Amino acid sequence: MNAGRMRPSAQRRHWRRGATALIAGMLLLTACGGSDADQSDGDTAADEDGGDGGTEPIELDFPSWQANEPGHADALQAIIDEFESRHEGVTVNLYAVSNEDFQNQIVTRLAAGDPPDIIPSGNHFFAFAATGQLEPLNDRLEESGLLDEWESFQSERVIDGDHLALTMHALTRMLYVNEEYLANAGVDGPPTSPEELAAAVGALSDSVEEGVSPWGATTTTHSNLFGESTAFIVGMGSQWIVDGEWAVTAPKTVEAIELYRSLARQAPPGLDGGGYRQLLADGRVAMSQDGSWVIATLDDISPEDVRPNIIAAVPPFENTLALVGTSLSIPAGISDERKELAWEFIKVAAEPEFQGLWAGSIDAAPGRRGSIPQERIDERPELEVVADTIASAQPEFPESENFRANFGEIEQRIIDAMMRLLTTDTDTLEVLTDLENELAAITEP
Amino acid sequence: MATLTGKHDIEQDGGPPQGRSRRRLSLSARNSVLSYLLLAPSIAMALVFIAFPIYMIVNLSLRDGRTMLMSEVGDLQLTLGNYIDVLTDSETWDALRISVIYTSATVVGAILVGMGTALLLRRQLPGRRWLRTFILIPWPIPGAIATVAFVWMLDGTYGVVNFLLRHVGLIDENIAWFFNPDTALIGVLMPTVWIAYPLCTLMLLASLQSVPDELYEAARMDGASAGQQFRHVTWPAVQNTAVLAMIVTGLWSFTTFDFIYAITRGGPDGATQTLAVAIYNQAFRFFDLPYAAALGVVTMAIASTVLLALFPIVRRRFF
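As given, the protein sequences belong to chains Y and C, one line each in that order. The first sequence runs 1 to 445 under our numbering. The second sequence runs 1001 to 1319 under our numbering.
For the record, the hints were derived by calculation from the structure and aren't laboratory data. Everything numeric in this text was worked out from a predicted model, so none of it was measured. Glycine included, C-beta positions come from ideal geometry on N, C-alpha and C. One or more of the hints may lead you astray.
[As the list claims (entries may be wrong)] Coverage of chain C stretches by chain Y, computed from C-beta distances (three or more under 8 Å per stretch; other residues unrestricted): (1) 1081 to 1091; (2) 1151 to 1164; (3) 1171 to 1183; (4) 1257 to 1270.
[Claimed, not checked] Keeping only pairs whose Cα atoms sit at most 25 Å apart, straight-line, the calculated SDA-like set for lysine to any residue is: (5) Y/339 x C/1248; (6) Y/339 x Y/85; (7) Y/339 x C/1072; (8) Y/339 x C/1100; (9) Y/339 x C/1069; (10) Y/339 x Y/90; (11) Y/347 x Y/61; (12) Y/339 x C/1251.
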């Protein structure tokens, strides 16, 4: 049994042989590795719940980053309650996942063949669509006739002719202004042009007290940097891609980013959207550009003595931005029964009553035309501002399939470039030139 | 087979009796079989949890194309292109440089703090038991909890760290730790060292407790200062353990991901993007699994090379 001590040279030969055999084995396995077994994971969730048409309770899995957000939470719960009342034995498990983790979690679950039954998405949509695991809704939409009543921004959820999600609402960006600070700075009313915006922030920076910032913006590595910079670019008449070419160094783009940079450098450093939003609500930020959904948030979190001072105005740009808000998808990898139930849920969410409820509670434009009753608009004037803004809005994404397909990496490069602009004194054109080269290396426009 | 005389037949060639096959293994062979049977569960665990994932990663790294579905990996063409891309990408070397800095700083910080706390705990102080508990508290705290705490403490506007530094006069104005590329790495190092030092404390304390007090007494009687006592009495006793603690801490921090990603996502502008963060970004932000797998294999190779290089040192000190 005792092999005795091997000489060092013999030992080394022994280890080398073992390592060589191991590596060769792995390479051989890799080369011989063919297609794995056919996808047969579609029925896993159904099998677990014994989905055979109602003999056992079925629970639909519905994660959402909006599950606890003001406005969204109540609307979603109302939709769930209505759906459950119509489908005995079927419940919907809505639970919160943080926005930062949401995309990664869902992509991982889609890749692993264990998707949730109902998939909401914002800009995460493109990552989910890239997995090829979303069920096309074309037949269902045609049968239900919903597309005839849907707003045109539904086209943002069409990939290669397939409707991979149904848009619930569209949002836009508003200019949030603390009128008290503006008046103290000697500025009459919200700015209506980029030049007036720059002048107003300049005046605010001279007049606001210590501890108050003239402008609020995301100033940390965060996906918001893409949206905030794009709002300036699109607002001032440009895009990341124009006429099939990268337009990152186009004069209008550079001008827009210069303005964005000059304002963002006056914002509190190291904050994400939630951070500066809180400061705006607390009266510690005088002005910011943010989503229309923030109006409802301000109502909830802003102190009584501050909230009346904060108004939402149309952004001071020639173009406004339309952002597809939440859209709902069905994963391809679940059982047919669960797909039907998920579609039934989406249809409930698509009904005029719930479209009006959801969009109305977050100050968005509903996916279904004419869903918000006039009474609601009368009691909430911001809805009219939002509707007017969206009516003439440009899409956030350029017309480019490659941009959408590679959005993850493109977004990261843009975020890095914006952080470079905020944290260094490097010339704007130099940073944008480097960015354009990086984007061009990722994909053709 | 027994004969009528009761004696066994003996073959003329000395072999076993005819018609009787040798089925019984030798004692040595039976011991070997038993050994492997007893090892079988461990081998199975190693195959399932170590060998199979490594095989999957290597397989993925040799595939051309993008997919997030493991069932489609086998359909992709084989290629070495991912390795070429990884090794020729300047971001890989940037990430390696940041990983080396991050790992080195973590090891130095953890050993220094660990040594200091171990020396403190060796003293007969009142409340030493409570002190030991407090010093070891960071160890079981999940990384996510620690990052939340440090993000708040290091906040550029309201953070207590800035307040204390201004209070003692080390800085004049607040530092936006995670906003500035020059300070972001320092910001993520703080929670990392905080989590890492308790293990070093425990290991070093165990070694320190084997040092007889008489040695220190003798050194003091010979007029040795505190520094000389440390150099000539303490350090020789703990240096082997310190080396082992450095290796363990270094290997752990080289592959650490959660602290950095939770705080800075590798930013600002890649200032804190270590190899581990780069792998994650490639896999789950850019959805390029084969490239991420290749980067992972390269990272594994680097770590293995360093470990092999250190192995003689460990063997000389401990075996």
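Status of each hint after checking the structure:
1. 1081 to 1091: violated (count 0)
2. 1151 to 1164: That given contact holds, which follows from 3 residues of the region 1151 to 1164 of chain C lying within Cβ reach (below 8 Å) of chain Y.
3. 1171 to 1183: That given contact holds, which follows from 6 residues of the region 1171 to 1183 of chain C lying within Cβ reach (below 8 Å) of chain Y.
4. 1257 to 1270: holds (count 7)
5. Y/339 x C/1248: violated (49 Å)
6. Y/339 x Y/85: holds (18 Å)
7. Y/339 x C/1072: Since the Cα atoms of residue 339 of chain Y and residue 1072 of chain C sit roughly 23 Å apart, the hinted pair holds (cutoff 25 Å).
8. Y/339 x C/1100: At roughly 49 Å apart (the allowed maximum being 25 Å), residue 1100 of chain C and residue 339 of chain Y break the hint.
9. Y/339 x C/1069: Holds, at about 20 Å.
10. Y/339 x Y/90: holds (13 Å)
11. Y/347 x Y/61: holds (17 Å)
12. Y/339 x C/1251: Since the Cα atoms of residue 339 of chain Y and residue 1251 of chain C sit roughly 46 Å apart, the hinted pair is violated (cutoff 25 Å).
Violated hints for the displayed structure, listed by number in ascending order: 1, 5, 8 and 12.
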